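Colleague: Given the sequences, and given the hints that come with them, work out the whole structure.
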Amino acid sequence: QTDVLGLPYLADKIQLTPDDEGEVVATLVHRPTAGPTTKAVLQVHGFADYFFQTAAADFWTAQGYDFYALDLRKYGRSLLPGQTPAYVEDLSTYYEELDTAYEIIAATHDQIVVAAHSTGGLTVSLWAEDHKPALAGLFLNAPWLDLADSILMRTAGTVVVDQMGSRNPRREIPRKVTGFYARSLAEEWDFNTDWRPIGSFPIYAGWLRAIRRGHARVAKGLEIAAPILVMSSDRHARPETYEDPDQHATDTVLDVEQIRRRAPLLGRHVTLIQVPGAIHDVTLSREPVRAVVFDQLAAWLDAFVRRTT
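Heads up: the sequence shown begins at 2 in this note's numbering, then just goes up one per residue.
Watch out, some of these pointers could steer you wrong.
[As the list claims (entries may be wrong)] Calculated pairs, DSSO-like style, for lysine-lysine (alpha carbon to alpha carbon, straight line, at most 27 Å):
{"hint": "1", "residue 1": "Lys177", "residue 2": "Lys14"}
{"hint": "2", "residue 1": "Lys40", "residue 2": "Lys133"}
{"hint": "3", "residue 1": "Lys177", "residue 2": "Lys40"}
{"hint": "4", "residue 1": "Lys40", "residue 2": "Lys14"}
Keep in mind that the hints were calculated from the coordinates and are not lab data.
These numbers were taken from a predicted model, which means no experiment stands behind them.
Modeller: Okay, here's the thing in structure tokens:
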């Protein structure tokens with residue numbers, strides 16, 4: 002069917018295994034490139050997010066890749082009435098829709114790159130490690146590889162979360178959300194604030210337990226075979242006011258130095274690029290920074306993906 006973005010975007014529902022909240026679906030969005038191709042990219046969003054990043058689709062189709070984006074279960078186009086947004090208790094739950102989307106794309110393409118942002122970057126990395134799809138490359142856009150918090154929260158706090166997530170997984174975890182980041186995106190990009198709320202979604206103990214267990218696996222090291230590009234801003238900041246210039250020129254969500262330290266643990270062929278002036282989703286950075294992001298991504302594709310496939 003025609004997607005909510007309108008043509009040339011199309012969207013297909015993927016029926017998944019029902020859970021305790023009932024029917025479960027994922028949504029595969031597709032924008033074909035101008036001419037015939039056997040190359041494709043699959044993009045996966047982060048937390049409290051969905052696919053609306055048309056600048057990324059413009060880039061990939063211009064590079065000759067059929068563009069696909071997956072709205073995971075209980076996110077965006079896939080969020081059904083009565084569901085708890087973004088909630089899972091194990092990141093491997095997402096493997097069902099990732100496998101299905103990959104199989105659909107692989108049926109007509111022999112070179113597949115996966116691009117994933119933030120929490121999606123963590124999930125896709127674990128999927129690539131566990132299910133070993135034949136990927137030509139993996140582009141991780143500010144992947145969430147560790148908890149951007151105090152050492153106490155990353156140690157003793159994680160033990161508490163693990164116990165709480167096991168005993169009372171639906172217990173909401175209180176946190177302060179300024180909404181500055183989504184508000185800044187809304188100045189330039191049009192998106193559905195029911196699907197990408199300015200104040201984010203609530204988080205629950207069972208979900209955070211799953212995230213921290215994913216972080217622990219990365220800390221022990223993965224062996225992803227595909228060449229990996231990890232890209233982020235060069236600075237992390239937490240502005241106290243919306244007017245702070247850092248709001249539009251730094252990663253205000255994740256600690257980029259944590260990303261830098263954890264990136265080499267993902268595989269044996271990892272390229273790290275930190276882009277000055279980029280924001281958390283580097284592909285949504287303001288111009289001219291966004292042009293730098295896509296220039297660097299194209300150079301990586303030329304060097305390590307297109308050359309070897």
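Colleague: Hinted pair, alpha-carbon criterion (27 Å max): Lys177, Lys40. Please report holds or violated.
Modeller: Answer violated: Lys177 to Lys40 is near 42 Å, above 27 Å.
Colleague: For the pair supplied as a hint, Lys40 and Lys14, is the alpha-carbon distance within the 27 Å limit?
Modeller: Answer holds: Lys40 to Lys14 is near 22 Å, not above 27 Å.
Colleague: Sort out whether Lys14 lies within 27 Å of Lys177, counting only the CA atoms.
Modeller: The given pair, whose Cα atoms are some 34 Å apart, is violated under the 27 Å limit.
Colleague: Is Lys40 within 27 Å of Lys133, Cα to Cα?
Modeller: holds (18 Å)
Hint check: violations occur at hints 1, 3; the rest are consistent with the structure.
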